[in-house]
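Undergrad: Next come the chains, spelled out residue by residue.
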Amino acid sequence: MIKLNLCDIQGFVSRGYTFHFARYLLATIHEAEAGRAFSGRLLGEVTTGEKWVNGKPESTLNVAFTYNGLAKLGLPQPTLQSFPVEFVQGMKARAKILGDTGADGPEHWDPVWQDGERVHMWIAVYADTTPAIDAKCKKISDWMAATHGASVLQSQDAGALFIDGKWTTKEHFGYTDGFGNPDFEGLVRDTVPGQGKLTDDGKWVPLATGEYLLGYPDEASELPVSPVPYLLATNGTFMVYRKLHENVTAFRKYLEEKGGQYGGGKEKLASKFVGRWRDGTPVELSPEKPDQSIVQDNNRNTDIKYGKDPDGTRCPIGSHIRRTNPRDAFGFDGKLVNRRRIMRRGLPYGEYVPEDQPARDEDDRGIIFMALGASLFRQFEFVQQQWVQYGNDAHLGNDRDLLLGNQGENGKFIIPGTAHPQSPPFICPHLPDFVELRGGDYFFLPSITALRLIASGTVDPR
Amino acid sequence: MANQSGQLYGLTILSPIINNGSRSASQDLALRKHLSSLANGVHSPFARVAGTHFARLVVMNDVVFVGNPSKIDHLGSQYLIFTTDFDGDLDAYLRTMAQSIPAELDQIWKHCVGYPGAADAGKFADYMKKCQVETTFYFADVNDKTRDQTLKALQVKAELSAFVEENQGRPAAELQRAFQGLLTKINSTPPPAPGASRV
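Chains P and Y are the protein sequences, given in the same order.
For the first sequence, the working numbering gives the first residue as 1, with consecutive numbering after it.
For the second sequence, the working numbering gives the first residue as 1001, with consecutive numbering after it.
Extracted from the complex, chain Y is given alone in its bound form:
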């Protein structure tokens, strides 16, 4: 399926931006300004949406005329492009989005045509699906693991690497004891926060 790679879903949404005909109060510039203020990493609003591996927001202005022999062409509208890779089912994810970060979604999508708001998760999901474009050639390089599995795996890898560094060359009995300690540590340490860039 085009939008699917293992259990991962690759969502692509194009939402037309309101064209209110006024450059000084234009919606696309207001949207750009707002997007540039959004945090990345652990403070990103999308870090709070369970199952999100990656999310991206882009404002698309228009096609660019590159010179003869291309035709001069224009898009019907400016668009907000939203792409996200997440675990599981599309409908469940969209509802989770609306329930987790409704205020943040409204701040972004209020600049777009026909946006119903995130207060009603069902209406929000319908709107997003209306704006959906098929993701072609979709590939997700996460070994078919969920976001939380991936975060934990990165942590385990770092811990194991540090463990080998510290314990290489130790005699077998000592190594065994130390390894038990590693397992206890791994099992009791919370996974890295979503959006973390270091584990």
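Just chain P, with the same shape it has in the complex:
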């Protein structure tokens, strides 16, 4: 029975914050001792995973480091060399592996990622009001000035989309997002059906803690590969941060055009792209129409299995959520996907444009995407390379994910169909790049103990 010390785990890891706004500060560390002093100041206010008995705090603060950041802070060489190689290399060096080429290539990323290896820290502030964000960031700025430890290279604002007078969990293409994060053992939460792993008798149970937290047994009953010492790694995890620009005009234009040709109409076509209707209804559970009663019921909105839909005539095999989490679609009671589940965090950024108004693809809008997991290589990188940028496991050859794929010349999306005129087989050809990568990196999210070791310069690899 896994018992977690939530005081030692950063809150960003143990829960998906539901604040309206966020600001991500990408910072550079000036010098080791000053950088450690600054980290010590952050330590005093870092949000942990403890239960909020007095309601939500006014704002939260969490921190993570790139490899270059840890090196700059003066961690011992044996510790630095014991980190997994993909973290050491960083996301930019892995661009070919991830398919971040062409329009997604590093040469197109925001300036902050261009100049050498200067991004050392990610500091995330969440709050329900902009003044609260500003207040927390002012504190951070004061600590930076007082310690001369670091400065902000880029300040990235993000926030939930406010549509028709309501806060939503939608993103800019209009899809309701945020379903289906993995449940793991030890979290103080009941397992939501669909969020864990499948057992032999078709029930959902939490995944092994070690898939998301270092220092605990993972799905292979092993300790995840971790840096030394054990104390530095335990209760920490790895994070990938990616700024995903969304070409809203291109998407709306494509959907309008193909929606006119598709027998089921535009909204149904949109649902086939993702595997959820834009209101969040899982296509597998309700392929003919959206159904808010499913969306609102946490016992149903992620309880999806594809076993009875091997041909994808309900939910296309290449649809976004089926690609990135195939569940039982590969047989073996879903065991093949248990080690490929990523924990997603993220918020849209940029101004929302209503569907009936023109948007410009040059404008800055998209999703700040973050994924957590004990192994960047085994989890995020695998899903990105094998299931997003490739279709072989889904028997779709070279077809890439419609939303995220780096399409090239002849990207297509196949919708398997039936003889029913509203569910015809349909090919969506000449896919544009709806999403373009504008930058990102790999980070280590330390536990509170680890942050204290780092800040006090007492990381000891022996």
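A couple of the hints might just be wrong.
Calculated cross-link-like contacts (lysine-lysine; reagent style DSS-like; alpha-carbon spacing at most 30 Å) [said to hold, decoys possible]:
#: 1; chain 1: Y; residue 1: K1157; chain 2: P; residue 2: K266
#: 2; chain 1: P; residue 1: K266; chain 2: P; residue 2: K253
#: 3; chain 1: P; residue 1: K258; chain 2: Y; residue 2: K1185
#: 4; chain 1: Y; residue 1: K1145; chain 2: Y; residue 2: K1130
#: 5; chain 1: P; residue 1: K308; chain 2: P; residue 2: K335
#: 6; chain 1: Y; residue 1: K1110; chain 2: Y; residue 2: K1130
#: 7; chain 1: Y; residue 1: K1157; chain 2: P; residue 2: K268
#: 8; chain 1: P; residue 1: K51; chain 2: P; residue 2: K166
#: 9; chain 1: P; residue 1: K166; chain 2: P; residue 2: K268
#: 10; chain 1: Y; residue 1: K1157; chain 2: P; residue 2: K96
#: 11; chain 1: P; residue 1: K305; chain 2: P; residue 2: K258
#: 12; chain 1: P; residue 1: K96; chain 2: Y; residue 2: K1033
#: 13; chain 1: P; residue 1: K308; chain 2: Y; residue 2: K1157
#: 14; chain 1: P; residue 1: K258; chain 2: Y; residue 2: K1157
Don't read these hints as lab results, they were simulated from the structure.
A quick note: this is a predicted structure, and the numbers were derived from the prediction, not measured.
Chain Y: place on chain P using the hints.
TA: Structure of chain Y alone, referenced to chain P:
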């Protein structure tokens, strides 16, 4: 049968590499160097051997001691491993090999003990059969089709996919005409070259 999966034959050959006792002029290093220069895909010598689905050459050095409680053990020789999946009869295929690419075979197997050369197809076939090892658990995922049938089928699949993409939603009469055009195109286009990685 162990070596057979439908009409496909899975051949596994281990040929001992000449050990001339000299590291600087060693046969296995010369062989490795030569193998690394061989082309893959359409330019592979095996693309010219009719009926070959897949061919692979590996130099096996020795078994590796992995620590206690394993025993220290050694192979009697270094080996050239050759595996191939092909259509039809073993003897006919080996003769075809010798007749199609004799010079290339000599360049590879001259580093191996007792190799008679490919000039005499019969002697070549006998040598290969002497080196043969049974392929166990053999499975070939080619729907029991020949190499040429498979290449053509991949082409037809790609053409049909492109056809559906272009013509979906067209009225029936137009579709019928376009489909006739597709059939003509498929029947008149040569199949992809053996070893092609794109159709």
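Undergrad: Does each hint fit the structure? Answer for all of them.
TA: Going down the list of hints, with the structure as the test:
no.	hint	result
1	K1157/Y to K266/P	holds, 28 Å
2	K266/P to K253/P	holds, 11 Å
3	K258/P to K1185/Y	holds, 28 Å
4	K1145/Y to K1130/Y	holds, 28 Å
5	K308/P to K335/P	holds, 17 Å
6	K1110/Y to K1130/Y	holds, 16 Å
7	K1157/Y to K268/P	holds, 27 Å
8	K51/P to K166/P	holds, 27 Å
9	K166/P to K268/P	holds, 24 Å
10	K1157/Y to K96/P	holds, 29 Å
11	K305/P to K258/P	holds, 28 Å
12	K96/P to K1033/Y	holds, 28 Å
13	K308/P to K1157/Y	holds, 26 Å
14	K258/P to K1157/Y	holds, 23 Å
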